[in-house]
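Engineer: Going down the list, the protein sequences come from chains E and C.
Okay, so the first sequence: first residue is 43 according to the numbering used here, each after it adds one.
Okay, so the second sequence: first residue is 198 according to the numbering used here, each after it adds one.
Every clue listed holds true.
Only pairs whose alpha carbons sit at most 25 Å apart, straight line, appear in this in silico SDA-like list of lysine to any residue:
no.: 1; chain 1: E; residue 1: 74; chain 2: C; residue 2: 426
no.: 2; chain 1: C; residue 1: 411; chain 2: E; residue 2: 278
no.: 3; chain 1: C; residue 1: 252; chain 2: C; residue 2: 240
no.: 4; chain 1: E; residue 1: 237; chain 2: E; residue 2: 104
No wet-lab data here; the hints were simulated from the structure.
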Amino acid sequence: MKVAVCVKNAIDETELRTDASGRPLLDGAATKMSTFDKNAVEEGIRIKSSHGGEVVVFTVGGVDAKKTIKEALAMGADRAVHVLAELGTLDSLGTSRALAGAIRNEGTFDVILCSEGSSDTYTGQVPPMLGEVLSLPYVGYARKIEIGAGLAKIERSLEDSVETVECGLPFVASVVSEINEPRYPTLIQIMQASKKPIAEVGAHMLGPAGLSGGNVAVVSMTAQAMERKRVMIEGTAEEAAEKLLQALIAEGVLPR
Amino acid sequence: MTASVWAYSESDSAANELAYVANEIANAVGGQAVTLEMDRTRAGVSSAGEKLVLKSMSAPVDSPELAAEAMSRAAKASNPSVILVAATRQGREVAARLAAKLGAGCISEAFKLSASDRTLVGERSVYSGKLVARMSTPMPCVATVKVGSYPQLKGSEAKVEEMDVGELVPKVKRLHTTRKQVGTVDLKSAKVIVSAGRGVKKKEDLGMVEELAKLLGGALGCSRPLSSDLGWLPEEHHIGLTGVSVRPDLYLAVGISGQLQHIAGIKDSRIIAAVNTDKDAPIFQASDYGVVADLYQLIPALQKLLRARRS
Ligand SMILES: Cc1cc2nc3c(=O)[nH]c(=O)nc-3n(C[C@H](O)[C@H](O)[C@H](O)COP(=O)(O)OP(=O)(O)OC[C@H]3O[C@@H](n4cnc5c(N)ncnc54)[C@H](O)[C@@H]3O)c2cc1C
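Taking the hints into account, I'd like the entire structure generated from these sequences.
Structural biologist: Structure, rendered in structure tokens:
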């Protein structure tokens with residue numbers, strides 16, 4: 043079984059600072075593996091451990107992405123393909139075309155995994171677009187994946203229902219966080235990861251589509267305004283409950 | 198040729214919200230709003246203008262895969278300027294597939310959209326709601342709308358047109374569907390929402406939070422871990438960046454730490470109140486009224502007062 047897992051080296055939103063006018067300081071901002079991508083890597087490793095084969099990690103990103111790649115390799119992926127591109131120069135369609143090109147260059151995969159969305163921009167568009175670009179079956183929001191002979195049975199988690207679907211191999215799926223508990227690599231695994239191969243790919247190696255697809259542009263980014271009263275209420279539970287109710291009544295959000 | 202703005206969602210309430218947005222954008226670009234439906238007209242769905250029903254003789258158009266294919270064929274035939282899809286789990290797939298099929302730009306999870314000069318501009322939360330990004334893309338284009346960002350358009354009569362999109366062959370086959378839990382909530386129109394977070398220790402204790410919500414005349418919401426990781430409540434209760442956006446008069450968060458992603462979905466509430474044992478919990482920075490207390494003591498005390506007020 044050949045498993046491709048797409049991961050994103052995302053700006054760590056908890057570390058992101060803004061300047062005095064509320065613009066984000068993106069240059070040199072700290073990055074990390076996008077949160078839910080760990081679930082995708084974990085699922086890839088689990089599929090390999092029950093079916094054999096290899097897990098190849100794919101990422102589109104700048105040089106900084108190496109640390110995310112190494113983390114995935116430490117978790118248990120076998121090798122990686124790094125499409126060099128600066129984040130922010132591609133929209134979702136561009137990213138999915140780049141991933142598709144890199145995946146095609148590596149031959150045929152049986153399973154291609156992504157996570158439901160990245161922790162920085164959370165568009166969730168790349169996984170279904172990748173399915174389209176590769177003309178493969180696509181199942182989003184998988185919470186359980188069972189692979190049999192040439193067929194996969196997948197539980198997809200929607201807002202108020204769970205659908206069990208079936209599709210042929212190869213397929214593309216996005217996974218949700220409840221699918222598994224991502225492992226923490228051991229120190230030995232982290233050290234071994236540095237010996238695993240990472241292939242670097244430039245745009246020219248991705249065929250005619252290359253790194254195209256820049257339809258969506260970011261016009262501006264500003265800090266979210268959040269002005270709240272921040273009144274703290276103290277006292278015993280009974281006193282605090284009474285004070286809270288009075289405050290809410292005074293605000294007119296509860297009837298007198 | 199007049200521009201048309203299409204709107205689609207598999208969920209009735211989200212479809213009505215999109216009808217509202219489509220109408221706004223159609224007015225701005227001087228075009229016609231069209232509500233899209235698959236297979237048949239749905240009685241619960243309003244339309245600002247026309248309804249277009251997409252049908253296939255070969256298969257019911259009942260999955261995001263087929264809806265996207267049907268919509269792309271219809272779009273190639275009639276060139277809409279903007280196609281809006283509600284950002285539900287299925288809607289995100291429909292929109293992304295459609296954008297890929299049409300080679301069009303797709304703005305996702307927009308909570309505010311405007312159109313001018315053959316360009317669509319959308320505002321959305323990025324970096325877990327820390328920042329608002331304004332994105333733009335040339336028409337024709339696709340956008341998903343963050344559910345709960347706009348009011349719903351109610352009850353208008355529409356002219357109905359049908360289009361046969363030809364043969365559809367699914368690659369993914371649905372075997373069966375199970376409901377996560379019976380009962381639906383309408384958090385989007387609730388005036389009061391009481392939301393539970395991980396501070397609630399057991400699933401059974403949610404009963405207490407729900408009862409408080411009822412006493413306040415409101416609905417029960419939750420943070421993402423309760424629905425996504427623990428599965429204590431269906432996803433439709435989950436509020437935030439990856440859940441619904443709400444704008445009640447009163448949002449009361451109990452046992453919720455107030456991570457950015459949760460705040461992103463409640464920032465438009467009129468009054469935010471929070472109960473948390475940790476005086477440094479970030480939720481207090483985002484609240485109008487904060488109570489440092491154990492929810493297991495404060496909720497019963499609130500219930501007692503509210504019951505006394507009733508009688
Ligand atoms: C891409 C992405 C998207 C996300 N989207 C969302 C989203 O849409 N919505 C969302 O909610 N989260 C979302 N999250 C998750 C989010 O980051 C937080 O993990 C989540 O909001 C935390 O939920 P919580 O506050 O209930 O739990 P915790 O952070 O564990 O907080 C529990 C709180 O309860 C308090 N507490 C404990 N015991 C008691 C008690 N007895 N009485 C009172 N208080 C008590 C604690 O002090 C603590 O502050 C997302 C994460 C990512 C990466």
